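Chains as they are written, first to last, in my numbering: chain B, 1 to 148; chain Z, 1001 to 1148; chain X, 2001 to 2148; chain F, 3001 to 3148.
Everything labelled a hint here was simulated from the structure, so no lab data went into it.
From a predicted model like this one, the values you see are computed outputs, not experimental measurements.
We put the CB at the ideal spot given by N, CA and C, even for glycine.
Worth double-checking, as some hints may not be accurate.
Pairs of lysine-lysine residues, derived as DSS-like cross-links and limited to a Cα-Cα distance of at most 27 Å, are as follows [stated by the list, open to error]: (1) F:K3142 to F:K3005; (2) F:K3075 to F:K3018; (3) X:K2075 to Z:K1018; (4) X:K2073 to B:K75; (5) F:K3073 to Z:K1073; (6) F:K3018 to B:K73; (7) F:K3130 to F:K3073; (8) Z:K1119 to Z:K1018; (9) F:K3049 to B:K18; (10) F:K3073 to Z:K1130; (11) B:K119 to X:K2073; (12) B:K119 to B:K142; (13) X:K2142 to Z:K1018; (14) B:K49 to F:K3018; (15) B:K73 to X:K2132; (16) Z:K1018 to Z:K1005; (17) Z:K1073 to Z:K1005.
Simulated coverage check for chain F against chain Z, where a stretch passes if three residues somewhere in it have a Cβ under 8 Å from a Cβ of chain Z [claimed, not checked]: (18) 3019-3030; (19) 3065-3078; (20) 3135-3144.
There are 4 protein chains.
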Amino acid sequence: MTNLKEILADYPAHFDVKVAWGEMDAALHVNNTVYLRYAESGRIDYFEKMGFRVNVTNTEPSVGPILAEIQCKYKAPVTFPDQLVVATRLQPGSLDVYSFWVEQLIVSQQLQRVVAEVKARLVAYDYQQKQKAPIPDELIAKLSQASG
Amino acid sequence: MTNLKEILADYPAHFDVKVAWGEMDAALHVNNTVYLRYAESGRIDYFEKMGFRVNVTNTEPSVGPILAEIQCKYKAPVTFPDQLVVATRLQPGSLDVYSFWVEQLIVSQQLQRVVAEVKARLVAYDYQQKQKAPIPDELIAKLSQASG
Amino acid sequence: MTNLKEILADYPAHFDVKVAWGEMDAALHVNNTVYLRYAESGRIDYFEKMGFRVNVTNTEPSVGPILAEIQCKYKAPVTFPDQLVVATRLQPGSLDVYSFWVEQLIVSQQLQRVVAEVKARLVAYDYQQKQKAPIPDELIAKLSQASG
Amino acid sequence: MTNLKEILADYPAHFDVKVAWGEMDAALHVNNTVYLRYAESGRIDYFEKMGFRVNVTNTEPSVGPILAEIQCKYKAPVTFPDQLVVATRLQPGSLDVYSFWVEQLIVSQQLQRVVAEVKARLVAYDYQQKQKAPIPDELIAKLSQASG
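Put together the whole structure using the sequences plus the hints.
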């Protein structure tokens, strides 16, 4: 995974995923929607450390992410058994007042290659006020730091 | 579906489900967990009409169902395309203070047969108090009526 | 749904979906990956009529679709209960030798609006030869007809 | 996890699962059907080592498992983030010619307790002949050994 290691080095957050047999569909590989579940898990892990999370019952003010747009290029079929790495980073230059993009790679240990490239646009949402909110300064600092 | 009609006549609630291609797994039929999603949808439809529902954000007192136990006998593999009927009823004599059982059949239009038999035990839960609650009298009346 | 009817009239294929309660996540609306399951079901219904389908066990030559890329703009949160329409069409001018794009709208009956816009690139795949294949002439004819 | 360790010691197979955020539903804990996906993954891992697996495209004779019945007692709600252990064993005395039962525990690292008890009946199925088959002697030996 020499080349992969170099590629992954450009992404500050790595999240390990074990492929479940039941995630394969009748085409005998992992269903397309499941790749996006993997990507979701990678993003949530990335944001969790920054305190940026969905919080529907909290009575204190809180701003979390809402997914506004997603793009996924499927590069190779994934089959059980396999272990994946979901790598996530802020897309350079994508931060604006209310939203930003992250770039994600899904890498297969079995295939030793990138199996999907994902881009996702997140909007900051105030679960108290039920409307979009400016991205908190603290989050901007953490996102920028994480993207190193 | 003559015989099936008779069988279904003993269940007050019928819920139609369209099988999705993506619900099949690598065994080329609908994954075992998805049968339980169908059953869940049938129960929720059944309870919805009785005002018995999950309500995590409501600030008013509210009692809803929590699933305590489930049993499923898989009688036949389901494949796409198919239309199913999920039939639900109160299990006679199963009502106690905090819980009751429902019996469910999943019927395939394609196969013209019962494809699964499900039994589920539901506990009444007070989402305000965060503890189990006596089944409301009103719900008992409705459950009994529905199964009548 | 007057405006929606006009919008939907530009799409030859309409597929009805009933939202399941269990498809909502802890953000209290339908999970982002489920929108793509809906889109998948809409595409499969669209292709099914054209004999363009996944066929892993068939011993006769057969060409079916593989999803190469997907894009989804989430326009509004969907909640249970709701009925959706997934509208699908060939993207004009997108047909090349091995692949084409479809455009899809997901419309909510409850909200009376478009809740997601999806674009998907499909590659023709020969499940016998295990490699991509030219899109069959017959399929081109049907796709063009359907989008007419 | 002292007590848990003792409990788990009675199960020869342990399978680790990481809870995904997206597996929670609108009740704000992991959906009931997902527990059964965890159990499925645990069983498949257990059987995989014995060469007992679903094999729809293999042209050589092969016997694999089909799930005939499942029972699940939900003992505690699971929430993200958490790490689970799925423990699996042959149910003593349950082996007959065509089928057997496994017993499974799902244990939460976060809660330090059993969160679900699962029982599943598996039937041996010949994917060549498309009918049930006697459980191969080799599998019986391995199952018995594993449970020893």
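Evaluation of the provided hints:
{"no.": "1", "hint": "F:K3142 to F:K3005", "result": "holds, 23 Å"}
{"no.": "2", "hint": "F:K3075 to F:K3018", "result": "holds, 18 Å"}
{"no.": "3", "hint": "X:K2075 to Z:K1018", "result": "holds, 25 Å"}
{"no.": "4", "hint": "X:K2073 to B:K75", "result": "holds, 21 Å"}
{"no.": "5", "hint": "F:K3073 to Z:K1073", "result": "holds, 15 Å"}
{"no.": "6", "hint": "F:K3018 to B:K73", "result": "holds, 25 Å"}
{"no.": "7", "hint": "F:K3130 to F:K3073", "result": "violated, 32 Å"}
{"no.": "8", "hint": "Z:K1119 to Z:K1018", "result": "holds, 21 Å"}
{"no.": "9", "hint": "F:K3049 to B:K18", "result": "holds, 17 Å"}
{"no.": "10", "hint": "F:K3073 to Z:K1130", "result": "holds, 20 Å"}
{"no.": "11", "hint": "B:K119 to X:K2073", "result": "holds, 12 Å"}
{"no.": "12", "hint": "B:K119 to B:K142", "result": "holds, 19 Å"}
{"no.": "13", "hint": "X:K2142 to Z:K1018", "result": "holds, 25 Å"}
{"no.": "14", "hint": "B:K49 to F:K3018", "result": "holds, 17 Å"}
{"no.": "15", "hint": "B:K73 to X:K2132", "result": "holds, 16 Å"}
{"no.": "16", "hint": "Z:K1018 to Z:K1005", "result": "holds, 19 Å"}
{"no.": "17", "hint": "Z:K1073 to Z:K1005", "result": "holds, 20 Å"}
{"no.": "18", "hint": "3019-3030", "result": "holds (count 3)"}
{"no.": "19", "hint": "3065-3078", "result": "holds (count 9)"}
{"no.": "20", "hint": "3135-3144", "result": "violated (count 0)"}
Hint check: violations occur at hints 7 and 20; the rest are consistent with the structure.
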